[in-house]
Amino acid sequence: MNFWTFVSQNRLEIADLTLEHLWMVGMSTLLALAVGIPLGILITRHPRLRKPVIAGANIIQTVPSLALFGFLLPAPWIGERATRLAILALMLYALLPLIRNTYAGITGVDRSVILAARGMGLTDWQLLFKVELPLAASVILAGVRVAIVISIGLATIAAAIGAGGLGELIFRGLAMVNNSVILAGAIPAALMALAADTLLGWLEKRFTPQLAD
Amino acid sequence: MTTASQEHPHMPEAAIEFRDVEYESSGRKIICALNLAINRGEILVLLGRSGSGKTTALKLVNRLLTLSGGEILVEGRDAKNWDVIKLRRHIGYAIQDVGLFPHYTVDRNIGLILSLERWNKEKIHARVQELLRLAGLNPELASRYPNQLSGGQRQRVGVARALAADPPILLMDEPFGALDPLTRADLQREFLSLQRKLQKTVLFVTHDLHEALRLGSRIALLEAGKLVSVGSPEEFLSSSDPLVKKYVEAFGSIEEARGRK
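From first to last, the protein sequence lines stand for chains D and H. Sequential numbering of the first sequence, starting at 1, is according to the working numbering. Sequential numbering of the second sequence, starting at 214, is according to the working numbering.
Chain H on its own, in the form it takes in the complex:
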């Protein structure tokens, strides 16, 4: 299976594009006039505090939520014109709570989408083995159930499952948010090296500035449903925007407080 980025190596075209996107829930505006393009092969981090609308923005892309205005283009095509199942299988999805199927073993969790896509057993087995390796998991874990795994292992399985059908786009909603700092750092590092190999287009949600700086090709700051700024990590740190400064300083002061102890 070839990914879209391999088919068009030089196309600057955005893999995902938000155009004047609005989202309202019971009369409350969650997302206002969001314009944002995510380029092929980049990791764009949506940064923002709780309630800033970052998770909502993510769920609009794979149509877990339906936007109230504007449009989202996926591979240049309006998301609402995609068959919703095809759209979702084109986009990997990893979330903080992982959501592994507790009644399936690890290999069935990872291989479920492949069996729904009618791959034959040997191909699924080979692909699952490959994904376990990619995700840094011991192949012996394949026959375990999710409740027999550690938090870090579960999240790795979640990422492997999201990558199963080799989707060119990945949506990741604080996937490492619930992990201890050491495990989180491991997974971040491994995710970066995986990304160098796979060159997916990644839309990554987090509230953690360090994670954003570490992983992001670009960082987009959301505040109260509005886009505040988009730029490279360097640009982000040197931004003069008051909201960006406030966010950076909030993390800075934590560092200082730790330093004083």
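Just chain D, same shape as in the assembly:
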């Protein structure tokens, strides 16, 4: 069976799986943002937490993805639905680039800017929202970009635990020894990653602050 015939005959299923894939990546990214950015900010305020937090995120990252999906299987509620589990695992993977870039972005802000801001009487929150986060935005967005691109690729493996997504086609194609089927999963995933990378790259550029000197 030729690639194009397979795609045209199965376009509804491919569209469905693409949506599933997007849902997993989107949800996990949102959760990772909600956890990773505050954690990154936290470790700029409490340097003692920096090592354990980064080490924790690093360790998660070193666990092979298939194993991580497996480890989470016995978790209550999460384990009941493969999609929930996949979302949690993808979120955990996305944490490291988010925490690291948030930390690097904020600590990279020119010290004299922070000194002047504190000296003129900005509160901690004002310093964070008016100065540090806007100036760190491009570095944080670079982390988001990495996290999303990694997630899109990793989400294909979620099919192994029955979470659906474009990985379904890849695994099916592998089992059938049929390249057309593999490509029908791999190509949309690759295009999705490219699109996300381009979009976030554009955002990153837009948020790059005008630097003194």
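Hints may be right or wrong, so weigh each one.
To spell it out: a stretch of chain D is covered by chain H in this simulated footprint if at least three of its residues, at any positions, have a beta carbon under 8 angstroms from a beta carbon of chain H; those stretches are [claimed, not checked]:
hint	segment
1	116 to 125
2	130 to 138
List of simulated lysine-lysine pairs, DSS-like, C-alpha gap at most 25 angstroms [as the list claims (entries may be wrong)]:
hint	chain 1	residue 1	chain 2	residue 2
3	D	130	H	299
4	D	130	H	439
5	H	336	D	130
6	D	130	D	205
7	H	410	H	336
8	H	299	H	334
9	H	439	H	458
10	H	293	H	439
11	H	439	H	410
Keep in mind the hints are simulated off the structure, nothing from the lab. Every residue, glycine too, gets a C-beta built ideally from N, C-alpha and C.
Starting from the known structure of chain D, arrange chain H on it as the hints suggest.
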């Protein structure tokens, strides 16, 4: 907004007073038993070589650093009893590296504190225009970003920003230190004439004797965290204190060396 000096024109009371101030950082004494009063409306120059503790002394006043002993009175009240944000907004702060917000235009840099103080837009705009004029800046620069300014312009914006909320006290940490000699001389001259109008209480840190003589109502020499002498520029030049003499001579010999060429 009225400044404290206008409320009490005849009060000799010090605007800032260091009482037995000590500061230690990781076991090292940076400031030892510092006693010094800065009178309302004067420019007191803290002079000293690198590492003498002058910048530290400044940062203790607006509590960017926390003292390890003694107390600092600001407007007669122990600095640690002030709400730290109120204290800092009562005190303008200008530093050598300026620290302008690179993501804000000049007018937003100057007006930030005013918008945090919930001034309305028209009032902020009017005040920013006034400050640009005071600082000798073309009002057209208001919409520029800091990286589009020259070093001298940036420092002027820094001073305008420090003056934004009309604080009665100014802390200035080598604000003109990074400028070329001509621009520096311009800014010093303009700062003096500005000061004649505004009558702020200024604590000014520098290592440059000429700047100290030029700007200071009084000069306080710090050496290794200790106060060596305080007095008017004339008193400073004629002092018999060996450390003061050494400092004066160091600058004298530079002049001589230049003269010989």
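*Out of the numbered hints, which ones does the structure contradict?*
Checked against the structure, the hints that fail are numbers 4, 11, while the rest are satisfied.
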